[in-house]
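J.: Here are the chains, one letter per residue:
2 protein chains.
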Amino acid sequence: MTSGGPGLGILAGGGQMPVAVASAALRKGRSVHIVAIRGEADGAIEAFPHTWIGWGEIGRILKALDSHDCRELVIIGSVKRPDLNKIRFDLGALWNLPRLIGITIGGDDSVLARVVRFFESKGYTVRGAHEIADELVIQDGLAGQHKPSGDSKHDIRKAFEVVNALGVHDIGQAAVVVGGHVLAVEAAEGTDEMLKRCAKLSQWGRGRTKKRMGVLVKTPKPNQEIRVDMPTIGPRTISLAAEAGLAGIALKGGNVLIADRESTVRLADEMGLFIVAVPGDGDVRSSKEFRVSSG
Amino acid sequence: MTSGGPGLGILAGGGQMPVAVASAALRKGRSVHIVAIRGEADGAIEAFPHTWIGWGEIGRILKALDSHDCRELVIIGSVKRPDLNKIRFDLGALWNLPRLIGITIGGDDSVLARVVRFFESKGYTVRGAHEIADELVIQDGLAGQHKPSGDSKHDIRKAFEVVNALGVHDIGQAAVVVGGHVLAVEAAEGTDEMLKRCAKLSQWGRGRTKKRMGVLVKTPKPNQEIRVDMPTIGPRTISLAAEAGLAGIALKGGNVLIADRESTVRLADEMGLFIVAVPGDGDVRSSKEFRVSSG
Chain R
786 MTSGGPGLGI LAGGGQMPVA VASAALRKGR SVHIVAIRGE ADGAIEAFPH
836 TWIGWGEIGR ILKALDSHDC RELVIIGSVK RPDLNKIRFD LGALWNLPRL
886 IGITIGGDDS VLARVVRFFE SKGYTVRGAH EIADELVIQD GLAGQHKPSG
936 DSKHDIRKAF EVVNALGVHD IGQAAVVVGG HVLAVEAAEG TDEMLKRCAK
986 LSQWGRGRTK KRMGVLVKTP KPNQEIRVDM PTIGPRTISL AAEAGLAGIA
1036 LKGGNVLIAD RESTVRLADE MGLFIVAVPG DGDVRSSKEF RVSSG
Chain A
786 MTSGGPGLGI LAGGGQMPVA VASAALRKGR SVHIVAIRGE ADGAIEAFPH
836 TWIGWGEIGR ILKALDSHDC RELVIIGSVK RPDLNKIRFD LGALWNLPRL
886 IGITIGGDDS VLARVVRFFE SKGYTVRGAH EIADELVIQD GLAGQHKPSG
936 DSKHDIRKAF EVVNALGVHD IGQAAVVVGG HVLAVEAAEG TDEMLKRCAK
986 LSQWGRGRTK KRMGVLVKTP KPNQEIRVDM PTIGPRTISL AAEAGLAGIA
1036 LKGGNVLIAD RESTVRLADE MGLFIVAVPG DGDVRSSKEF RVSSG
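Chains as they are written, first to last, in the numbering used here: chain R, 786 to 1080; chain A, 786 to 1080.
Here chain R stands alone, though its shape is the one from the complex (with noise of 0.2 Å):
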């Protein structure tokens, strides 16, 4: 489980990604060295190679790379808000202060970039994802075995329209659209927050039927930084979708990763929910996979 390379890092938050990319890298002889954030990193990253650091601890993240020889870093995972009174910093947060001032209060531009460029300047390269490990991005075509009816087409063509009207405001990640209708359109407040909604709301513009309608799209930004932040479905994606009555889940094809593939497939598939990735612009018709209607 060791390779000639050098090691990889993994800047680990919670979820399943970072023991997902771990394990591909391990299958595909690189070393790895997992850096698990505390209060927010699953306990299942201790069957790698590990090191629990909290918010601040910049010095101790360093050292852990470089005394495992990682010169390449993915960062992954989802993080809440760190309350700042409550973070403690470390010598090497103090030497790196400037720098991270820069990256708390600083520019245009995303938190998340300005990490990636930290990172860059101590001279790591950072990877997404995808790099290490493409079979965790959603590819273009159908993922499971239902497909989308007529009206889900329309639905999918429509919530497409409106994350693109929106890209250029840096939001617009994703959106519901139940039978031409918007239903919601997701700010900050997150795909899980936006689906639980859209539950609440599920008698809306579906009139008297019981069977599954609309959908969720979900795209990345124009100006993501698709290296450390890339849309991510998973089961409870799936789940959530299911209670909002949704028929199923359409993706930007190459751009949106699903964590524990097998598990959301199955669920989608017993669910009745289609998964669906549709190529660059999110126009479906010009998806191959996706105009057959059989088979």
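Everything labelled a hint here was simulated from the structure, so no lab data went into it.
Here the structure is a predicted model, which means the values were calculated and not measured.
Note that CB positions come from ideal geometry on N, CA and C, so glycine has one too.
There could be a bad hint or two in this list.
Cross-link-like lysine-lysine pairs, in silico, BS3-like; alpha carbons within 30 Å at most [stated by the list, open to error]:
id : chain 1 : residue 1 : chain 2 : residue 2
1  : A       : K995      : A       : K981
2  : R       : K1006     : R       : K932
3  : A       : K907      : A       : K813
4  : A       : K848      : A       : K907
5  : R       : K865      : A       : K813
6  : A       : K1006     : R       : K981
7  : A       : K932      : A       : K985
8  : R       : K865      : A       : K985
9  : A       : K865      : R       : K995
10 : A       : K995      : R       : K865
11 : R       : K981      : A       : K907
12 : R       : K865      : R       : K985
13 : A       : K848      : A       : K813
14 : R       : K932      : R       : K985
15 : A       : K996      : R       : K865
16 : R       : K981      : A       : K985
Label-pair distances were calculated between CB atoms; the ranges are [stated by the list, open to error]:
id : chain 1 : residue 1 : chain 2 : residue 2 : range
17 : A       : S808      : R       : D977      : 42 to 50 Å
18 : R       : E920      : A       : G965      : 33 to 41 Å
19 : A       : G824      : R       : E920      : 49 to 57 Å
20 : R       : K981      : A       : G824      : 24 to 32 Å
21 : A       : G975      : R       : E1028     : 31 to 39 Å
22 : R       : K848      : A       : G965      : 33 to 41 Å
23 : R       : R873      : A       : A829      : 51 to 59 Å
24 : A       : G1057     : R       : A832      : 35 to 43 Å
25 : A       : S852      : R       : E1055     : 54 to 62 Å
The hints should help you fit chain A onto chain R, whose structure is shown.
T.: Okay, now just chain A, sitting in the frame of chain R:
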């Protein structure tokens, strides 16, 4: 409290607007008759000549209007989505069944636009509340004593850009922007729900500051049937915006109703929120009152 002219019918949903319109019409010397939807309209409408009706009692609505000589009609107030299984239709509904089915299921335009056409086809003239009582509509400029800061003006401009970008998709009546970041976009959930969500996200984007930051912008959608569906704010909008930590509220001048203006403005003044209406496209620079930052 009566007049020579024809009576004004008010088809009343929930909230304070039906009473506000009735009072304004009486002040102008018109006679009024409120047709109040049971389960929706507030008991306060009983201070005026009125008839309670249930969803589906179309015959009784038309009879109440005709027997009080109401050829003009204002349709106003909030409505919950009625439970179709519980509606009891009267004979008048049966006579109009083909048209009612058209209202419920048909077309690309809104249900309300079709409701208007229904009453127009019966020979009524449907008026907007603002045509009866323009004092209920906010006009360009400041409504209270507080003024937007420079930062708030940036947030206002950004929020108008967002809602205008969404307008073509028949959503985007409202958005919340804090420190240049889009915190929330309203789709089907309504402004109150969006503001409650913002209260939960209120740490977002504001770092350690406790001071009020960010704005709610509210404006009609491009194709909104403004006679029957003008955006409305009231005291509740102010208290929810305050709980979300916002600095104020910006509206499209001449296009948003204020329910209970006195209480609304007083509450905003007390809680330190501004209320400002800006012209047309939401470009705050073109508003004279808005440009003035003192006095």
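J.: Taking the hints in turn, state whether each one holds.
T.: Hints and how they fare:
no. : hint                          : result
1   : A:K995 to A:K981              : holds (18 Å)
2   : R:K1006 to R:K932             : holds (26 Å)
3   : A:K907 to A:K813              : holds (26 Å)
4   : A:K848 to A:K907              : holds (12 Å)
5   : R:K865 to A:K813              : violated (57 Å)
6   : A:K1006 to R:K981             : holds (25 Å)
7   : A:K932 to A:K985              : holds (25 Å)
8   : R:K865 to A:K985              : holds (13 Å)
9   : A:K865 to R:K995              : holds (20 Å)
10  : A:K995 to R:K865              : holds (20 Å)
11  : R:K981 to A:K907              : violated (42 Å)
12  : R:K865 to R:K985              : holds (25 Å)
13  : A:K848 to A:K813              : holds (25 Å)
14  : R:K932 to R:K985              : holds (25 Å)
15  : A:K996 to R:K865              : holds (22 Å)
16  : R:K981 to A:K985              : holds (14 Å)
17  : A:S808 to R:D977: 42 to 50 Å  : holds (45 Å)
18  : R:E920 to A:G965: 33 to 41 Å  : holds (38 Å)
19  : A:G824 to R:E920: 49 to 57 Å  : holds (54 Å)
20  : R:K981 to A:G824: 24 to 32 Å  : holds (27 Å)
21  : A:G975 to R:E1028: 31 to 39 Å : violated (20 Å)
22  : R:K848 to A:G965: 33 to 41 Å  : holds (36 Å)
23  : R:R873 to A:A829: 51 to 59 Å  : holds (57 Å)
24  : A:G1057 to R:A832: 35 to 43 Å : violated (53 Å)
25  : A:S852 to R:E1055: 54 to 62 Å : holds (59 Å)
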